[in-house]
Structure formats: C-alpha cells, structure tokens
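Asker: Mind docking these for me? Both chains are given alone in their own frames, and the hints should help you get the complex.
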Amino acid sequence: MSETLARPLKVLAAMSGGVDSAVAAARAAEAGHDVTGVHLALSANPKSFRTGARGCCTIEDSHDARRAADVIGIPFYVWDLAERFREDVVEDFVAEYAAGRTPNPCLRCNEKIKFAALLDKALALGFDAVCTGHYAQVVTRPDGSRELHRAADMAKDQSYVLGVLDDRQLAHALFPLGDTRTTKEQIREEAAARGLFVAKKPDSHDICFIADGDTQGFLAKRLGTAEGDIVDQDGTKLGTHSGAYGFTIGQRKGLRLGDPAGDGRPRYVLDISPVDNTVTVGPAAALDVVGLTAVRPRWCGTAPAGPGTYTAQLRAHGGETAVTAEPVGQDELRVAFAEPVRGVAPGQAVVLYDGTRVVGSATIAATERATAPAQPASSVS
Amino acid sequence: MDQGAYFDHAATTPMLPEAVEAMTAQLTVTGNASSLHAAGRRARRTVEEGREKLAAALGARPSEVVFTGGGTESDNLAVKGLYWARHDADPRRVRVLASPVEHHAVLDAVQWLADHAGATVEWLAVDAYGRVLPEVLRAAIEREPGDVALVTVMWANNETGTVMPVAGLAAVAAEHGIPMHADAVQAVGQLDVDFGASGLAAMTVTGHKIGGPYGIGALLLGRDYAPVPLLHGGGQERDVRSGTLDVPAIAAFAVAADLAVAGRADFARDVGALRDRVISVVRSVVPDAVLGGDPVDRLPANAHFAFPGCEGDSLLLLLDAAGVQCSTGSACTAGVAQPSHVLLASGVDPDLARGTLRFSLGHTSTKAEVDALEAALGPAVERARAAGLT
Numbered sequence: 001m002s003e004t005l006a007r008p009l010k011v012l013a014a015m016s017g018g019v020d021s022a023v024a025a026a027r028a029a030e031a032g033h034d035v036t037g038v039h040l041a042l043s044a045n046p047k048s049f050r051t052g053a054r055g056c057c058t059i060e061d062s063h064d065a066r067r068a069a070d071v072i073g074i075p076f077y078v079w080d081l082a083e084r085f086r087e088d089v090v091e092d093f094v095a096e097y098a099a100g101r102t103p104n105p106c107l108r109c110n111e112k113i114k115f116a117a118l119l120d121k122a123l124a125l126g127f128d129a130v131c132t133g134h135y136a137q138v139v140t141r142p143d144g145s146r147e148l149h150r151a152a153d154m155a156k157d158q159s160y161v162l163g164v165l166d167d168r169q170l171a172h173a174l175f176p177l178g179d180t181r182t183t184k185e186q187i188r189e190e191a192a193a194r195g196l197f198v199a200k201k202p203d204s205h206d207i208c209f210i211a212d213g214d215t216q217g218f219l220a221k222r223l224g225t226a227e228g229d230i231v232d233q234d235g236t237k238l239g240t241h242s243g244a245y246g247f248t249i250g251q252r253k254g255l256r257l258g259d260p261a262g263d264g265r266p267r268y269v270l271d272i273s274p275v276d277n278t279v280t281v282g283p284a285a286a287l288d289v290v291g292l293t294a295v296r297p298r299w300c301g302t303a304p305a306g307p308g309t310y311t312a313q314l315r316a317h318g319g320e321t322a323v324t325a326e327p328v329g330q331d332e333l334r335v336a337f338a339e340p341v342r343g344v345a346p347g348q349a350v351v352l353y354d355g356t357r358v359v360g361s362a363t364i365a366a367t368e369r370a371t372a373p374a375q376p377a378s379s380v381s
Numbered sequence: 001m002d003q004g005a006y007f008d009h010a011a012t013t014p015m016l017p018e019a020v021e022a023m024t025a026q027l028t029v030t031g032n033a034s035s036l037h038a039a040g041r042r043a044r045r046t047v048e049e050g051r052e053k054l055a056a057a058l059g060a061r062p063s064e065v066v067f068t069g070g071g072t073e074s075d076n077l078a079v080k081g082l083y084w085a086r087h088d089a090d091p092r093r094v095r096v097l098a099s100p101v102e103h104h105a106v107l108d109a110v111q112w113l114a115d116h117a118g119a120t121v122e123w124l125a126v127d128a129y130g131r132v133l134p135e136v137l138r139a140a141i142e143r144e145p146g147d148v149a150l151v152t153v154m155w156a157n158n159e160t161g162t163v164m165p166v167a168g169l170a171a172v173a174a175e176h177g178i179p180m181h182a183d184a185v186q187a188v189g190q191l192d193v194d195f196g197a198s199g200l201a202a203m204t205v206t207g208h209k210i211g212g213p214y215g216i217g218a219l220l221l222g223r224d225y226a227p228v229p230l231l232h233g234g235g236q237e238r239d240v241r242s243g244t245l246d247v248p249a250i251a252a253f254a255v256a257a258d259l260a261v262a263g264r265a266d267f268a269r270d271v272g273a274l275r276d277r278v279i280s281v282v283r284s285v286v287p288d289a290v291l292g293g294d295p296v297d298r299l300p301a302n303a304h305f306a307f308p309g310c311e312g313d314s315l316l317l318l319l320d321a322a323g324v325q326c327s328t329g330s331a332c333t334a335g336v337a338q339p340s341h342v343l344l345a346s347g348v349d350p351d352l353a354r355g356t357l358r359f360s361l362g363h364t365s366t367k368a369e370v371d372a373l374e375a376a377l378g379p380a381v382e383r384a385r386a387a388g389l390t
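These protein sequence lines are chains Z and D, in that order. Position 205, counted from 1, in the first sequence is what the UniProt record's numbering calls 205; the numbers after and before it change by one each time, with no gaps. Position 245, counted from 1, in the second sequence is what the UniProt record's numbering calls 245; the numbers after and before it change by one each time, with no gaps.
The shape of chain D in the complex, shown without the other chains (with noise of 0.2 Å):
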C-alpha cells in the first residue's frame, strides 16, 4: 500500500520481514509458557530464547528482562512500582525527581503519584536543548538525599531528539543509592544503548518502534529491585508483571531489538544522512524554521523544527494533503494540540512552540520521501502562515 511520504517513524515503524516471520510462524503454535506440559514447553522455550536475545541485544541479562505490554506500561511499572517499594521500606523517601520534557507516559504517572500517593515532584531543570545536566540532578538530590525515592530522566527525548546524558545522570543517582529509571523507547536501534554500562536501575524498550509488534515491551530492571507491580495476577515475570506472555509477540520483538542493534551503525550512518538532507530541505525552503533540540548530539532519525507564525495542526493538514505525513511531535488532549510541553520546558517562546513539526525516519525512508517533502513544504508553509495563529 501506498503510504505516502512517511515521516512519523517515532510514532510506529514498518515492522521488519523477519519480525513479521518470527511472529506468524508463532501465532499457529499453541502452548501458555506457564503450563507445564509439552506444548507450555515449547512455548516457554520460545519466551525464554527471546529474552535471552533482547537481553543480549541491550546489554542486560536475561533474567533483567520484565515483558510488558509496551512502553506506557513499562513506564508506569517503573515509575509507580519503584516509588512504591522505596516508599514502603522507608517512609522518607517521598520525592521524585523527574525531568519536564518526558513523555506523558512517564510525565503522567508521577504527576498521579503526587496528587494521590503523597509524592512531592520536583520537576528537573533543563538546558536550551531540553537536557538534564547531571549537575543539576547532585544538587537536586544532595538537598536532601535520603528522601529521593527515584530519578526518571528519558534516553533521548521523542520530540526533539535530544540525547540525555544517562550514563553521567545514572552515576550521580548510584552514588547515593537511588535507582533510576531512563525511557529508552526511542533510543533503541539510533543509539548505543547499553543496559548493563549504564548504571540504570530499570529501562523502558517497546517493540513498534523498532520493528516489531505494537503491544509488546519490555522493562529491563536490575536483579536487585522489586517494584510493586500493577498487575497482580499468576506471578510471571519475576511477580512483577503477571498475565499470560504472549509467545508471538515476544518473539518478533525479539527478533526486531537483535537486528536494530545490529544494524544501528548503518542505520544512524544511511538514515542519518537522510535525515541531514531533510533538515538542508527545511532551511532552504523556508530559511527561518527553527531547529529544535541538540544540533548534535540527537537521535540520527529525528529532525524537529518550529515554523515562525504557523500554526503546527495548520501544517500537519496541508501536508497530509499532500501526501507528506508528519506529526507536530507534541501531545493531544482530546485531538485538539497543545504547545509541546518539551519546548516551554526548553524557554522557547509559547508562540513558537505552537507551530512546530518532528519530521522521524526510519528503515523504509527514501530519498524520494525527502524530495516529496521539498515539494509540499513551501506552500505549506505559505498558507499556515496566511492562516496565521488562531
């Protein structure tokens, strides 16, 4: 099917052939890998052998690996499962400290946890880039260290592309004992994401982002900790996340997290240069668009821009109409668009923030898209801005 010109890859991905593979073969066999006879066998022999390759994949071991239900559920488990725990062993420990330009699957959950669990938020102050300085995370701890209860501070941001400094933010939260917690949804396959190295307590990978099936994910979560869970149930997953493990989807995942990380140097390389032309393509047509988060070090398929005056659902429209789909990078209430909370966070004037589109590539990205999209934008841009902010 003819999608168009397709730059929403950080929303979903085309999932690869062999992920697709992997899955139909699974969705004909039969088998709950909880049961004990041979066909539980063989399906609990396919689960473990795909965490085995996630876990190989990441950095993490095996036994690290916590299927979930994709990235929301991994964040939540993370982030309310660790406060919980930490807060049941010592009353204390009530603040979380959290970065603003998360996504609302991480920002949501600690917001719920302060306004009905008693936490107090302290909201991470970030640089011009949308970047939390591992300076400001000791003093934010030092405050006061024995009533952190967890850190959560994203990978790489999904809007703009910002890198984070995890390994040095990790550093700073280990050497008082706090665990903290990184979503690395979009990070997997574009960067080097190494669990083990990374000093994390916990991490967040989803499958459709790389590859594989919507509705599987992981949290990979040291030995060491034992979040409450959300879901109680048969006990699966260390008794941390109970419910039947679905067979076809964890190996597909599986699947998919092994080659994007085999093929993350080439992607980063072919899709990045990709990207670059993409970010040539909007200065030059319309010479004034405003890059958004770190020039440099950013996800290799993330390209974000604002667009002075324009309106960035104005935007969106008038390139879907021409075939060119994108998406303004920020969160919906009820379909209706807001300024993107990661650009106010950043100081980035309100009024700009409104008109602002992420262009994100991935495996299936063409150089013709590119040349689609230097068609479609000008006028686009033209009549956004015509149409002005209403």
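Isolated chain Z (complex conformation) (with noise of 0.2 Å):
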C-alpha cells in the first residue's frame, strides 16, 4: 500500500454499498486500521430512489454496505447527509445546467460531501482520516506534505474526480485501491474471497441521484420544457429543441435535424445560450479549441507562481492534452493547449498534472476557440 502504515489510524470508511468500497474498507481494516463504516444517506426520500437504481441513495444499498460491514467486522452507521447533498450538489448540479454549462457532480460531492461535510464530521469524532474506494494514490513526501497521483493503474485512474481536494483534505484522505494494478475483475474475486457478497453487484455508472438515469427528464422537471431553436453558425434556424440545458458542447447525437449539413458532414453543438434559449450547432472544426479560462482554481500544494507547462484532462475518463497555465490573482486560471482540442465543455473541470501527480484544478468557464464562430446573422450589420 502506498499509506505505509506508520501507527494505525481511526478510519471512517464511506461505504457506498457498492464493491469498491467494500473492498477498500476491508483492505484499510486489514492493514490494521481501527475501521469504522458509514453509508451516507444522500437522498431525502430514500424509497423514491429506489426502483431500477444502482448507484448509491438506496435502502438495498444501505443494506450491502451493512452487510459488508458486518463480514468485515466493523461497525457501521448511516448517516443522513441529504440536506448538505441537496445544497451543494444536487442544486449546483440543476443551476450549472441552467446557466448553460454541464457540472461534474461527483467531483463536486468530493468536494463538498465525502471531503468535506463527511471528513469535518469524522475529525470531529475523533477519526484520522477518510477512507473510500477511489482509485487514486495519495503519496507522503518526505517532508509529510501529501500528493495526490494518479492510480496505478491508469484504465481505472479516478484522480479526476478528487483533484478538487486540497492538502488538508488530502491528509485525512485513504484510497486503499489506488496502489494496486487490478482489473475490476480482480476487485470481485477479491471481494468474493473476502466473502463479501456485492462482489456480483453491477457497477454504477451514472449519476446516483438520477436513479433511472434520464437525466434530461430529471431536468425538464427542474427546468422546465421550453421551445427554442437551434441554428448554424450563421443563425439560420435549423430546428428546434425543448431546452437548451439538453446539450452538451460536443454533443452529436440526439439533435435531431431533419436536414443533413450542406456539406453532408455531421454537425456538433457549439454553443449553448440560456439567456435565448438557443443551441447553435456547426461542423466538428468548430469544435477545436485553443486555451480556457477557468475560475475556482484549487491547489494540491501551493499554487504556482507563474505560467508552467503541464498535461491536462478536460473531463471524466478523458485523455490527456499538453498545455500551458497559468494563475490569474486568486480566482482564476488560464489554459493554452499546444495542440487545439475538441469538446470542451463549460463547467467541467480541467485537472492540471505533472506527470502523474494533480497540480490542481479549476472549473471551466470560457474557452477560446481557433476559428472564431460567426456571428449570428441578426447581429451581422
């Protein structure tokens, strides 16, 4: 294990119900920690989570994680952090999509929930640190500052979604599967050896506060249905749409125009305004874009003092890009790529590396694209 253990540690566990996270807990109770688990009970109104769902919320969640706790041998609770989840993730989530931009909200439940509202309460109580079942590494140096790496094995690397936490956070912050090169495969057997029973358990994929995974009709309650257009870069109207907050910047599939582009290419989302209303779409070269400005800059450490060259990833399981960065006073950072990239989108957030260890990370606000779009015809005098 990269947490070498020095003294055995007070661990509070965050157990999902999901394998993973039992697999962690068993492993930071192995190695001789004094484990203790918790099941976090995101949801309000449990039951309505219920049917179909998979990821975490679920009164049958809330039983595995029981369950595993109990093979594991350690205690377990539930604790109620809906209303703080509702706050900061589930509104964000709604009002990010409302402003045209598309939230990443697990990074923001890392952020706000597990590292936060979670890691102060178990501080609190006397534990040393969080334990949960990320695949990441947090790595000591030698002078006892923490780093965060990406996982041993980079297939399954989930550095992206923790790269919001900070050196404080980072301290009180075990991944007991970051270290190791495993296939998910490996995870179950594991799991099955230990006689945890989730180690069948279906892996959640989407977002565990949208059970049936319809997050545009999870939005449409929120948001509501109205029309709008969607046109091409020069304002033609192309189609229509029941809500701009429906797309993605990048997005292809599901536009749903009758007429093929001129060209007979396929066309792609290219910007998103709330304030019309309006979805304009053009051809993939549109897409490409040559540096962001992106706002809440988070550092693992201290931040930069000046620009440095860095690799970066734009979005979850994305690749990496080689840029340029750079801090602007306290709030903000700008981004150059050395080579324009596609598909970046507004709230996501932009993870800086160097080499495998999380420099930072900022929410996207604003890129810049290499072709500037045209201006609606409207506003062309």
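Just so you know, not all the hints are guaranteed correct.
As the list claims (entries may be wrong) - Cβ-to-Cβ under 10 Å is the rule here; a few derived chain D residues that face chain Z:
id, residue
1, Asp192
2, Asp194
3, Gly196
4, Ala197
5, Gly378
6, Ala386
7, Ala387
Since the hints were derived computationally from the structure, they do not count as laboratory data. The C-beta atom is built at its ideal place from N, Cα and C for all residues, glycine as well.
Answerer: So this is what it looks like as structure tokens:
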C-alpha cells in the first residue's frame, strides 16, 4: 500500500454499498487500522430512488453496505447528509445546467460532501482519516506533505474527480485501491474471497441521484421544457429543441435535425445560450479550442507562481493534453493548449498534472476557439 | 460472550435460562397442535398450558389469548382488525383516536387505515411528558361518539418510559362502548399489568422484551371482540389468527411471562435502583442533559436523556466504540435517524430532540455496566458536541 502503516489510524470508511468501497474498507481494516463503516444517506426520500437504482442512496445499497461491514467485522452507521447533498450537489447541478454549463456532480460531491461535510464530522468525532474506494494514490513526501497521484492502473484512474481536494483534505484521505494494478474482475474476486457478497453487484455508472439514468427527464422537471431554436453558425434556424440545458458542447447525437448539413458532414453542438434558449451547431472543426479560462482554482499544495507546462484532463475518462497554464490572481486560471482540442464544455473541471501528480484543478468557465464562431446573422450589420 | 455494557433491553433482553430450557425441550418434540393424533394432542396440551400460564400472569382468561408472531403483528391485528370489524358493523364508524407517541407498529397501522381504508385519524394531544389524559380522550370522543371505531394508546412509552393512565382512558372509552387497544410490550414485567382489570378490549404483549424468544407474541382480546383477521387460513386462535402454532416458542414465552410477572416487584426495586444510578451518573457527568418522559411515573428500567448540542447518532457511535451499547430511542428510516416523533409530539425543541439517548436496563444489568457508562459518557458528549448538529 502507498499508505504505509506508520501507526494504526482511526478510519471512517465511506461505504456506498458497492464492491469498490467494500474492498477498500476491508483492506484498510486488514492493514491494521481501526475502521468504522458509514453509509451516506444522500436522498431525503430513499424509497423514491429505489426502483432500478444502482448508484448510492437506495435502501438496498444501505443494506448491502451494512452487510459488507458486518462481514468485515467493523461497526457501521448510516449518516444522513441528504440536506447538504441537496444544497451543494443537486442544486448546483441544476443551476449549472440552467446556466448552459455541463457540471460534474461526482467531483462536487467529493469536494463538498465526502471530503468536507463527512470529513469534518469524522475529524470532530476523533477519526484520523476518511477512506473511499476511489482509484487514486496519496503519496506522503519526506517533509510530510501529501500529493495526489493517478492510480497505478491508468485505466481505472479517478484522480480527476478528486482533483478538487486541497492538501488539508488529502492529509486525511485514504484510497486503499489506488496503488494496486487490479482489474475490476480481480477486485470482484478479492471481494468474493473476503466473503463480501457485493462481489457480483453491477457497477454504478450514472448520476446517483438520477436513478433511472434519464438526466434530460430530471432536468426537464426542474427547468421546464420551453422550446428554443437550433441554429447554425450563420444564425439560420435548423430546428427546435425543448430546453437548451439538454445539450453539451461537442454533442452530436440527439439533435434531431432533419436536413443534413450542406457538405453532408455531421453537426455538433458548438454553443449553448441559456439567455435566449438557443443552441448553435456546426462542423467538427468549429469545436477546436486552443485555450480556456477556468475559475475557482484549487491547488494540491501552493499555487504555482507563474506559467508552467502541464498535462491537462478536461473531463472524466478523458485523455491528456499538453498545456501551458497560469494562475491569474486568486480566482482564475488561464490554460493554453499545445494543440487544439475538441469538445471542451464549460462547467467541467480542468485538472492539471505534472506526470502522475495532480497539481490542481479549476472549473472551466469559457473557451477560446481556434476559429472564432461566426456571429449570428441578426447581429451582422 | 462479552456484550460490553448493554443498555438496550427495551430493544431486546436476554432470554431467561428457564425459557431457554422450556424452548429447547419442546424443539425436540414433534407435533402440530391442530393434529388429532397423539403427537398433536401432546403439542396441543403444551400450547394450552402455555396459554393458561400467560393468561394467569396477565389477568386474562385463557380464551382471551391469541398467539401471534410478535408485537408488530398484534398491534396490526388489533388496530386494523378492530377497525374493519367495527366499520363493517356500522359504516359511520370511521374515526380512529390514537396517541401520537405510539410505536411505529401502531402509528403506521393507523396511518395506513387513513391512507387506504377511509379512516379519519385523530391524534390525541399529549402533555409535556407524552401522556394522553383521560379528559383529552373524553373531549375527542364526545365530539361525535357514534363515529369512533377504536381508541389505541400504549401502556408505557418505549422511548421515554412515560406510563399512560390506561385504566382511566379505557373507562372513558367503555362509557361509550368503544373498544380500546393498548400496546403493553414495554410494560409487562415492569408495571402491574392486569388485562382483566384494565378495561381494555385488546392488549399487545411480546416474548422477547420479557426474557422469552423472538417471533412470538400475543394479542389479549376480550371475548366480545372479533377483529377481521390479517391472516386467513386454518382458523387457529379463534379464527382470528390462522397459522400453525409455534409450540416451543409458546412454551418459552409463557415461562418468561410467568417469571417476569412474579419477579416484577423485585425487578422494579433492584433494576429501578440501577436505573436511578444511571440518571444520577448522567446528570453529574452532563449537568445540562435533559431527562425525557415523566420523572416519576415511568418504566423502572428506562432512562431517557436529551443532550443539547449533540447528534444522537454521534453519541451512539462514540459510546459503542467505548463498549457502551444504547439506543437513540427513535425510529430509523433506512438506518437514518429521525428526530424522535415522541419528543416532537410532546413539544420538545426539534434540535434537542435530535440528541437523545435511551438507556434501558434489564434482568442482567449490573453496577459495573453503569460504571462503564460513567467512564465513557463524558468524552463522548464532549466529542459529539464538537461535531455538532449537521
């Protein structure tokens, strides 16, 4: 384990009811830590999330987590963080879509719930660390400071959704799965060998608070279905939609435009304007972005003093791209790409890496296109 | 097995050795009490002896004992079954008068009648100790006596330990010919519970709260009442509760009830003294802790406290880690603790109601356990306060 056991810690293991967090808790206990399991009740009305749900929040998941804790032989409790989750994650998610951005609620949950509300309560109750089933590594430097690194197994790396953690949060984080190169199959085998019956439980994929996976339906209920125009770069109306929030920059499917583009090439979402409820589409080339501005930077350690070269990840499961990045004041980050990239969506996080080390992250606010999109016809004089 | 300091006897209490003996003896004997052959007759005799023993312990006639699968079933049978029967006999009877501090087995059964059977629920006001006063019941009935289907008020509260004036309430109901049910699962063995003298139409008792086994209970049911069954089948138990009788559990339940009732005075004195010690320990360690329920007229084995500024969940976790096992006393939804409905109904501040602990003692409680609580409580409250209310 990367977390060498200098001394046994009092560890609070967040247990979702899934296989990863169960194995993480079991490994922490086996390593000699004094582990207590906790399941976070994040839905104010668990029953309503029950049918078909695979993520967190269901009564079944709570039961599964309890069952795993019993087998591991650790105390187990359910903590109700539904109100905080609603305020900090669900409402933020809705507000971001309403503003034409594409949020990542898992990242927000790690920042505001698991490593804030949960961690703070854990520390107050005398725990030393919070343990989760994330795939990432915390490395302790000789001077005692902490670094967050990508998981040993890049294919499962989840450091992107943990990029929001600062060094204080990292000082109390334990990720027992991050340093082993195991396939999901091996994790399941390990769970089975440990007698954890969640070994065969299906993975959770989608957003946990949207149990049926219908994000558009969820947003429609919250934000309405006011019809708006889909236009091309010249402002020519190509079709209609029932809510600009239903689109993500770079999206190709689901535009439902009858006529193909003049050149027969596919069209992509280039811009979302919630103010006039308009979605602009165009060719793939128009998606090319050469730089971006991001806000609310969070640094794992001290903020860089000036420009630096890094690799950046721009969405969960996204690849790496070479960048130059520079903090502007306390609250802004400017990023320039070595090569144009496509499909950069405001609202997502840009996470900067130095090799495998996470340097920091920020929320993408605006992008700089390689070719400035043509102005809508109405505003051309 | 070392259980640590166990202060959750109101959840379940260890079986009495005599009950274990009675149960294990019967587990090796074959016989369906409904069968006509020798094995059946032997089983039938064990059941009827158990029935007589239980009836004698609780001031009932043997024919008034209907064995069930436990307290929850008895409560549901009484509340729903009596409602259905009374409503069938006179469709005007739609009103259910219930205390708002009932156990969920009553609370949710009553609410179900309102949601699915056209009942109108009237939650009776309680005083600051969570007690329903007879004049409150009288006023509620006399508003329209003809439309009341039944009254249900527990004998003693499972969270705060407050004792209800059951006989006084039953007398008011009886004046109007309205059947009253009481959940007495916490009262048996701690209070003088006499079904015949109480004036109740129906009363719930259960095995595992008094040193008997899990999964066995009874509804004591006046002979004039024929609730509509929840379970239809072979017609056992006056045709009110079908199902093959659990002979070993009935034998053990009866032994436990007999011993619990016979030992009640000693229990109240000895366990009551330990309970008083718990109260004084809590008050000296945490001077601002607030005792819940009636300070005098309460179950002798119950101590219930609210700890200002603490989350009950946090206290539970910290005490458990220190080997002291107790309960927040309130019900859970998917394991999530809710502020106690009992305290909220009694007018306690909602924040205070989130920080409650119930310490319930029993026949195995010792002074050493109270000492363990004394040692663990101070640090736990200090930490829980630091964690605050989230």
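Asker: Hints first: check each against the structure and report whether it holds.
Answerer: Results for each hint:
1. Using the Cβ-Cβ criterion of 10 Å, the hint placing Asp192(D) at the interface with chain Z is not satisfied: the shortest such distance is roughly 38 Å.
2. Nearest Cβ of chain Z to the Cβ of Asp194(D): about 41 Å, over the 10 Å cut. The hint is violated.
3. Annotation: interface hint on Gly196(D) violated; nearest CB of chain Z at approximately 42 Å, more than 10 Å.
4. Interface restraint check for Ala197(D): the shortest CB-CB distance to chain Z comes to about 43 Å, outside 10 Å, so the restraint is violated.
5. Interface hint status for Gly378(D): violated, as the beta-carbon distance to the closest one in chain Z is roughly 14 Å, over 10 Å.
6. Hint status for Ala386(D): holds, given a least beta-carbon distance of 5 Å to chain Z, under 10 Å.
7. Given hint, Ala387(D) at the interface with chain Z, holds; its Cβ is 4 Å from that chain's nearest Cβ, closer than 10 Å.
Going down the numbered hints, you'll see the structure goes against 1, 2, 3, 4, 5, while the others check out.
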